[in-house]
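Order-wise, the sequence lines are chains A and Y.
Add 1 to the 1-based position in the first sequence for this note's numbering, that's all there is to it.
Add 1 to the 1-based position in the second sequence for this note's numbering, that's all there is to it.
Please note: incorrect hints may appear among the correct ones.
It does not matter which identical chain is meant; a pair holds if it fits inside one copy or across any two.
Below, a list of computed lysine to any residue pairs in the SDA-like style, where the Cα atoms sit at most 20 Å apart [stated by the list, open to error]:
(1) K9 x I73
(2) K153 x L54
(3) K186 x E92
(4) K63 x G104
(5) K9 x K63
(6) K122 x W72
(7) K25 x K186
(8) K35 x W183
(9) K105 x N179
(10) K55 x S13
(11) K186 x R93
(12) K20 x E148
(13) K186 x P87
(14) K55 x R184
(15) K153 x S178
(16) K182 x R71
These are computed hints drawn from the structure, not numbers from a lab.
2 protein chains.
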Amino acid sequence: MRKSRGGKELESRYVFRGKRVSVKVTTFALPSGKVTIREIVEHRGAVAILPILKENKIVMLKQYRPAIGRWIYEIPAGTLEPGENPRECAERELEEETGYKAGKILKLFEMYLAPGYSTEKLHSFVAFDLNPGTYHPDLGEEIEVIEVSLEKAIQMIDLNEVMDAKTIATILYFVNSNRFKWREKLK
Amino acid sequence: MRKSRGGKELESRYVFRGKRVSVKVTTFALPSGKVTIREIVEHRGAVAILPILKENKIVMLKQYRPAIGRWIYEIPAGTLEPGENPRECAERELEEETGYKAGKILKLFEMYLAPGYSTEKLHSFVAFDLNPGTYHPDLGEEIEVIEVSLEKAIQMIDLNEVMDAKTIATILYFVNSNRFKWREKLK
Chain A
2 MRKSRGGKEL ESRYVFRGKR VSVKVTTFAL PSGKVTIREI VEHRGAVAIL PILKENKIVM
62 LKQYRPAIGR WIYEIPAGTL EPGENPRECA ERELEEETGY KAGKILKLFE MYLAPGYSTE
122 KLHSFVAFDL NPGTYHPDLG EEIEVIEVSL EKAIQMIDLN EVMDAKTIAT ILYFVNSNRF
182 KWREKLK
Chain Y
2 MRKSRGGKEL ESRYVFRGKR VSVKVTTFAL PSGKVTIREI VEHRGAVAIL PILKENKIVM
62 LKQYRPAIGR WIYEIPAGTL EPGENPRECA ERELEEETGY KAGKILKLFE MYLAPGYSTE
122 KLHSFVAFDL NPGTYHPDLG EEIEVIEVSL EKAIQMIDLN EVMDAKTIAT ILYFVNSNRF
182 KWREKLK
C-alpha cells in the first residue's frame, strides 16, 4: 500500500515572498525515502465560476494577461483572500467581474493547475439564477464581458480559441457531468 | 478594436532564477496605458500526452507530487527542454514515463495553466498505435503506471478523483472533439 504513504518536507528556504506568489526551495523526502530538492511556488488558491444565463448562454471574459502578453478568453475567476471560503470568494468574484449576482452557486470540482511545482488549488463552481447585482464592476479597459451560447463556447474550445486551463476544464466538466445531464439538454 | 492591442513590459527585475522556474517582478503598461506591477513566474512550457491503447483503454500515472504533498492521477507529461520541439518532447516523455512508443502522435490543443501569473503554456497531444519501446522506464517508487478504460477515466473525472488540470482538460477535450468523434464511439 505504498501509494497511501506520504512524503515529508525536511527543510525549506524562501527565495521570494511576494503578494501573489512566494517561492521556496525545499528539500523533500519522497514516500520511498529518496531525498530530492524542489522549487515550489506557493499560491493561496483560486476559484472559477461558470455563469449560466437563460437559454443556455454563459458569461465569459476577454481579458488581457501581462504574464502571457496577450488577450485570452476566461470564465470569471479570482484568488482567495487569506482565510476566505471558496464559495464566498466565488460569489464575490462573480459579482465583481460580471456585475451578476447568483441565486444558486454549486461546487463542480477541485483541481491542481501545475502540481509539478505549484501549490495552487482551484475550486470550480457553476452559477445559476443570475440577476444584475448592486455592484457595478469597474472593468477598466483590460477586461470585456461577453455572453455566448454554451454550444458556441464548446466549439471555441474545440477550435482552441479558448486557451485557458480552468475555462476548458470547467466548461467541459459541466457539460459532461452526470449530475447536470447538460449534454442531453444540448441535443 | 482595442482588444487587438497589446501591452508592453517596461522593466523587469529577476527575484529568483531557478532550474525549473524563475520569477520576475515586472512593471507593465497595459493596453489601456495603465501601468501595473506584476509577479510573473517564468516556465519553459510543457507537454501532456493521452496514450490510447487498444479497446479504448488509456494510460495514466499515479504520481507523488511534493508541491501538493500528495498522490495524484495524471496523464504522462513533462517540461520542455530549452529549444525542444513540443512533439519530440511528447514522444520522449511518453516513452520515458510509460515505456510505450507511439506510432502516431496528434496535437490536440494548447493552453495556459495559470495566465494570471505564469508564462507556462502546455501543449496537449493524443498518442495512438502504442507498442512497447526499447526504453524501460525507471519509475522509482514515486510513480505507478496504470491502464483504465476511457469510460472509467471520464467517471473518475466526474467524481473528482482526477484532480490534475492538464489531465481533466485533455481527456475531456479528446472525447468532445469533433475531429475524433470519440463520444459517439463510447456509446
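Hints versus structure:
1. K9 x I73: The answer is between: 16 Å across copies meets 20 Å, while 38 Å in one copy does not.
2. K153 x L54: within (14 Å within a copy, 31 Å between copies)
3. K186 x E92: neither (26 Å within a copy, 39 Å between copies)
4. K63 x G104: Neither. Shortest intra-copy (24 Å) and inter-copy (38 Å) distances fail the 20 Å Cα cut-off.
5. K9 x K63: between (41 Å within a copy, 18 Å between copies)
6. K122 x W72: between (23 Å within a copy, 14 Å between copies)
7. K25 x K186: Answer is neither; intra-copy 47 Å and inter-copy 46 Å both fail.
8. K35 x W183: Neither. Shortest intra-copy (46 Å) and inter-copy (41 Å) distances fail the 20 Å Cα cut-off.
9. K105 x N179: within (19 Å within a copy, 32 Å between copies)
10. K55 x S13: neither (50 Å within a copy, 45 Å between copies)
11. K186 x R93: neither (29 Å within a copy, 41 Å between copies)
12. K20 x E148: Classified as neither: same-chain Cα gap 32 Å, cross-chain 41 Å, threshold 20 Å.
13. K186 x P87: Result: close neither inside a copy nor across copies, 29 Å intra and 37 Å inter.
14. K55 x R184: within (16 Å within a copy, 27 Å between copies)
15. K153 x S178: The answer is both: 18 Å in one copy and 13 Å across copies each meet 20 Å.
16. K182 x R71: Result: close neither inside a copy nor across copies, 34 Å intra and 31 Å inter.
Checked against the numbered hints above, the structure violates hints 3, 4, 7, 8, 10, 11, 12, 13 and 16; every other hint is satisfied.
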